[in-house]
Amino acid sequence: MSGVSLNPMSTAGAESLATWEQTSAVAKAEEYLSLMAFSETGLIEQLEYEGFSTADATYAVGAVEAQGAVDWNEQAVYGVDNA
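Residue numbering for the sequence shown is 0 to 82, as defined by numbering that gives the first Met the number 0.
Everything labelled a hint here was simulated from the structure, so no lab data went into it. Check the hints yourself; a few may be wrong.
[Unchecked claim] No farther apart than 25 Å at their CA atoms in a straight line, the calculated lysine to aspartate or glutamate pairs in the DMTMM-like style are these:
1. K27 <-> E73
2. K27 <-> E47
3. K27 <-> E39
4. K27 <-> E44
5. K27 <-> E49
6. K27 <-> D70
7. K27 <-> E64
[As the list claims (entries may be wrong)] FRET-style restraints, in silico, Cβ to Cβ:
8. V76 <-> W19: 15 to 23 Å
9. L16 <-> A75: 26 to 34 Å
10. G61 <-> M35: 13 to 21 Å
11. E64 <-> E20: 17 to 25 Å
Just so it is clear, the structure is predicted and the values come from calculations on it, not from any experiment. Ideal Cβ placement from N, Cα and C applies to all residues, glycine included.
Given only the sequences and the hints, what does the whole structure look like? Please build it.
If you want it as structure tokens, here you go:
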């Protein structure tokens, strides 16, 4: 999948504001998005399954969105094409 950044917090200034758990959740979200298609809700649920809190999982999804690292429409098409 293209467009997925491997830098967990490339947004200026966000690194100093993010907790370790949030930064880890962002990295895991980016890893998942590079491997398979997810809906926004599905990715949050997967991160929660991995042990992240709902708040940290939601933060991670928001962070990858803010980075422009995910296109949910592209994810949906990829998911259908690879089902």
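Hint check:
no., hint, result
1, K27 <-> E73, "19 Å, holds"
2, K27 <-> E47, "11 Å, holds"
3, K27 <-> E39, "14 Å, holds"
4, K27 <-> E44, "12 Å, holds"
5, K27 <-> E49, "9 Å, holds"
6, K27 <-> D70, "17 Å, holds"
7, K27 <-> E64, "14 Å, holds"
8, V76 <-> W19: 15 to 23 Å, "34 Å, violated"
9, L16 <-> A75: 26 to 34 Å, "30 Å, holds"
10, G61 <-> M35: 13 to 21 Å, "20 Å, holds"
11, E64 <-> E20: 17 to 25 Å, "18 Å, holds"
Violation of the numbered hints given earlier is confined to hint 8; every other hint is satisfied by the structure.
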